[in-house]
Each structure stands twice: as structure tokens, then as C-alpha cells.
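Enquirer: Based on the hints, put chain B in the right spot on chain A.
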Amino acid sequence: DAGVIQSPRHEVTEMGQEVTLRCKPISGHNSLFWYRQTMMRGLELLIYFNNNVPIDDSGMPEDRFSAKMPNASFSTLKIQPSEPRDSAVYFCASSFEPLGDYNEQFFGPGTRLTVL
Amino acid sequence: AQSVTQLGSHVSVSEGALVLLRCNYSSSVPPYLFWYVQYPNQGLQLLLKYTSAATLVKGINGFEAEFKKSETSFHLTKPSAHMSDAAEYFCAVSGRGANSKLTFGKGITLSVRP
Chain A
1 DAGVIQSPRH EVTEMGQEVT LRCKPISGHN SLFWYRQTMM RGLELLIYFN NNVPIDDSGM
61 PEDRFSAKMP NASFSTLKIQ PSEPRDSAVY FCASSFEPLG DYNEQFFGPG TRLTVL
Chain B
1 AQSVTQLGSH VSVSEGALVL LRCNYSSSVP PYLFWYVQYP NQGLQLLLKY TSAATLVKGI
61 NGFEAEFKKS ETSFHLTKPS AHMSDAAEYF CAVSGRGANS KLTFGKGITL SVRP
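Which chain is which? The protein sequence lines are A and B, in order. Quick note on numbering: this note's numbering labels position 101 of the first sequence as 101, and the sequence is numbered without any gaps. Quick note on numbering: this note's numbering labels position 17 of the second sequence as 17, and the sequence is numbered without any gaps.
Looking at chain A on its own, in the form it has when it is part of the complex (with noise of 0.2 angstroms):
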């Protein structure tokens, strides 16, 4: 079985230009998260959806990030326009929240992003 999926592995660009991370979820999971690693400040939590629909948004670092969760097999995280600050590996990551039970999270590989 697949894991999550996530593309492309690496990307660099210049500041200014839009960048967009993809994301597909393990096959049955009902909630995706989006997190950034960085040396300074760990992993962060950006945002995770549940059955598609953004749930808390609240570590979204500006309005310069946007998400979106078309369908349960897809995700994308986009950042426009990017800044040498956004440098960082970005993780996805997803699972299946059955109503009182844990949530495990499978992460994807990661995408490092480097801005110039």
C-alpha cells in the first residue's frame, strides 16, 4: 500500500515566484495535514483538513500561504509570492479520525524548499 505521497521532492526558485507543494493522502484517511520543519522553530503545524474541508488554519504563517483540499485524494499548499524565509522542508501528512479514537499521522517524504 502506498503511503503518502507527496511532490516534488525538492524545489528551488527565486523570491517572488509562486511555489506549489502536492499532496495525496493514503488511500481511506479523512484528515491531511500540512507542517513545516525548520532548524529554528521545529515542526509547525500549518493547517489540516478533515473530509476536505479546512478545520484550523491557524499556523498558516500569512496570507502569502494558501491550501486547498479539492478532493480526499489530493492536496496542494501554495506560496505566493515566496520569501527567502519560506525555506524549509514541508511535510504532509495524513490519517483516519474515527469519532474518539487516536489519531495515528503517516507522514509523507517531504518537499525541501529553498527560496534564493
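Simulated from the structure, these hints should not be mistaken for lab results.
Okay, the calculated bits of chain A under chain B, using three or more residues with CB under 8 angstroms as the criterion:
1) 42-48
2) 107-116
Which residues of chain B face chain A? A partial, calculated answer using Cβ under 8 angstroms:
3) G43
4) F90
5) L102
6) G107
All residues carry an ideal CB built from backbone N, CA and C; glycine is no exception.
Expert: This is chain B only, laid out in the frame that chain A set:
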């Protein structure tokens, strides 16, 4: 609100020595607790989880952790370190039920000396 504290950022042990990685949590509700491992250039992988069954939890690769409510701790241990254990380890806490979020600690880098 929930949080975890992982003291120190780096632990170094000799191969064959005991591994002890500390994690203390804060939670206003009975928590779920997790340890994840991240190998270089990879995503996070679940090592073990506590979900209110046995307080001593066994995970993969010989790791285990004990939930101690009185100490609000969930320390990770392994009796004998192997070179392949070198990685970054994250403790995480979650509430229960729908829409609970995982909150991660800062992570601890484990080095294993030959």
C-alpha cells in the same frame, strides 16, 4: 492546550549503551502520547504510541516508553543502542476525539558512537 518539552537537543551514546530520551508533557485532558523518529532526509515514522491501555508501551526497533502520570513524563528508552538508531526523535501529544491536533516537541538528535 497541550505541549511537550524535550530537554536538550542532542544526546550521544556508545553503541550497546542504554538510550534514554526524555519527554515531559502538559495537557488539560488525558493525553495520547507518541514518539516519532526521523532519519536523515526522510519523513517522520511512528515508533510507538500511548492511548491509555498499558502504561509501558513497546514499539518498533526495540524501543519502549513508559507513561507516568504523576511525573507527566513519557521517556523513550532502548537497552542497547545500535548505529542504525542515529536519527532525530520527536515526542508528541494529542488530545482525544475528533479534530485533535498533534503537538510536537523540538526533537532530540541521537548520535551513536562506535
